Every structure is written in structure tokens, then in C-alpha cells.
Amino acid sequence: DGGITQSPKYLFRKEGQNVTLSCEQNLNHDAMYWYRQDPGQGLRLIYYSQIVNDFQKGDIAEGYSVSREKKESFPLTVTSAQKNPTAFYLCASSALVQETQYFGPGTRLLVL
Amino acid sequence: AQSVAQPEDQVNVAEGNPLTVKCTYSVSGNPYLFWYVQYPNRGLQFLLKYITGDNLVKGSYGFEAEFNKSQTSFHLKKPSALVSDSALYFCAVRDPNTGNQFYFGTGTSLTVIP
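Chains as they are written, first to last, in my numbering: chain A, 1 to 112; chain B, 1 to 114.
Quick caveat, the hints were computed from the structure, so don't treat them as lab data. The reader is advised that the hints may include incorrect statements.
To be verified - Straight-line distance between alpha carbons at most 27 Å, and here's what the computed DSS-like set of lysine-lysine pairs gives:
(1) Lys-71/A to Lys-49/B
(2) Lys-69/B to Lys-57/A
(3) Lys-71/A to Lys-14/A
(4) Lys-9/A to Lys-70/A
(5) Lys-22/B to Lys-69/B
(6) Lys-57/A to Lys-83/A
The structure displayed is predicted, hence computed values, not measured ones.
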């Protein structure tokens with residue numbers, strides 16, 4: 001997990017609330033990613049960014065938003081439009097988009 | 001079609017015995033293949049990767065994997081399992097045909113029995 005931090009470790013969301021998950025890396029990597037992990041489904045890509053101020057939708061982007069204002073930061077907002085947000089969220093980064101991805105420790109999001 | 005498949009949800013092996021965790025892929029061209037391990041409530045840790053060259057790749061913690069192009073497989077192996085190897089293992093493939101996106105398998109839970 002070294003080099004990539006995610007906070008908080010646990011996050012609780014109320015109905016209709018937007019919440020933001022933090023991801024920071026000090027690896028000087030250009031590319032960053034957000035995945036959602038559900039039991040038995042592996043990892044599914046939400047968004048990724050190859051460079052500052054640019055990002056692309058992954059397979060399950062609906063109900064989520066991201067920004068990439070700084071190279072080291074890639075926050076994910078889970079909006080109220082995401083009706084089933086309970087999951088384990090993993091942030092990753094890589095030197096280039098085709099290179100090995102390294103993961104943060106994850107944030108578990110629960111709905112109150 | 002699924003780009004990568006892990007046909008076994010669960011693998012049990014006795015401590016000291018060799019272990020194999022299976023992975024097959026369905027990406028054309030020259031895929032990059034990866035193995036990761038995940039311990040409970042933790043992020044994924046990189047174990048090893050195949051890009052090109054020798055079909056047998058050695059990685060962290062004594063793990064290795066063999067790339068077999070004809071069988072489109074990339075099975076993870078270890079000669080002698082440890083109880084501490086018990087974890088969730090993910091195979092991943094980088095698909096050069098879809099903008100280098102990574103696709104992860106659904107994971108295989110490995111239990112090493114003392």
C-alpha cells in the first residue's frame with residue numbers, strides 16, 4: 001500500500017447525501033484510477049485519469065464524479081444518484097496507463 | 001465477453017503442498033498479465049507480471065506464474081504453500097485493444113490448511 005493513501009478508512013452516507021473519498025499518491029505517477037469492489041464481482045473501473053485535468057469514464061461511472069486538479073490527488077465523489085453505493089472503493093496509480101497499477105488501502109462506504 | 005477468468009472461487013491446499021491458482025484470458029494481440037493478492041480489508045498488492053520474454057515469471061513471496069499462449073492461461077503457482085498465503089488472489093489483463101484498460105478477474109480465495 002505504500003505511496004498511496006486513501007481516507008477515510010470507513011465512510012457512512014445518509015440518503016441523498018454526496019460524499020467524497022480522498023486518494024493521494026507520492027509516487028509521481030501520471031495515471032490514477034478508481035475501482036469499486038463488491039463480493040464475488042472482482043474490481044470494476046469507475047473512472048481513470050492519465051494526466052492532470054483529464055479523466056475518462058470506466059465501466060460503471062454513473063452516479064460518480066471525479067476531478068484531477070493536481071498530479072498527486074484524484075478524489076472520488078459518490079453522488080446521491082448512485083443508488084447502491086455500499087462497497088469497498090480502491091484507488092490505484094501507475095507511472096503510465098499501461099504500466100503496473102499500485103493500490104491504496106481502500107475505503108469502505110456504508111449507507112445509514 | 002469477459003477478458004479474464006478465474007474458474008475457481010475457492011482453492012484449498014495443505015501447508016507445504018504446491019499450490020496453483022488458475023487464470024485464463026481472452027484478449028487478442030499481446031496482453032500484459034498481472035497477479036495481485038488481497039488480504040482482508042486491505043488494498044491489492046502486486047505479485048508479478050508478464051509482458052514479454054521468458055514464459056515463467058517469478059514474483060514476490062516465492063510465487064511464480066507461467067504464461068501459456070496456446071492455452072491463453074497465466075496460472076499462479078508456488079512450490080510449497082504457507083498458512084500466511086491464505087488470501088484473495090486476482091488475475092488482471094491489460095487489453096491493448098481497449099485503450100490499455102485493465103480487467104480484473106473475480107478473484108480466487110486461497111485457504112492453506114495447517
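For each hint, the structure was consulted:
Annotation: proposed proximity of Lys-71/A to Lys-49/B holds, straight-line Cα distance about 25 Å (limit 27 Å). This hinted pair does not check out: Lys-69/B and Lys-57/A have alpha carbons roughly 31 Å apart, beyond 27 Å. Simply put, Lys-71/A and Lys-14/A have alpha-carbon atoms about 31 Å apart, too far for the 27 Å limit, and the pair is violated. A hinted pair counts as satisfied when its Cα atoms are at most 27 Å apart, and Lys-9/A with Lys-70/A qualifies at roughly 22 Å.
Under the criterion of a C-alpha separation no larger than 27 Å, the hint pairing Lys-22/B with Lys-69/B is consistent with the structure, at around 14 Å. Between Lys-57/A and Lys-83/A, the direct Cα distance comes to roughly 18 Å. Compliance with the 27 Å bound is thereby established for this hinted pair.
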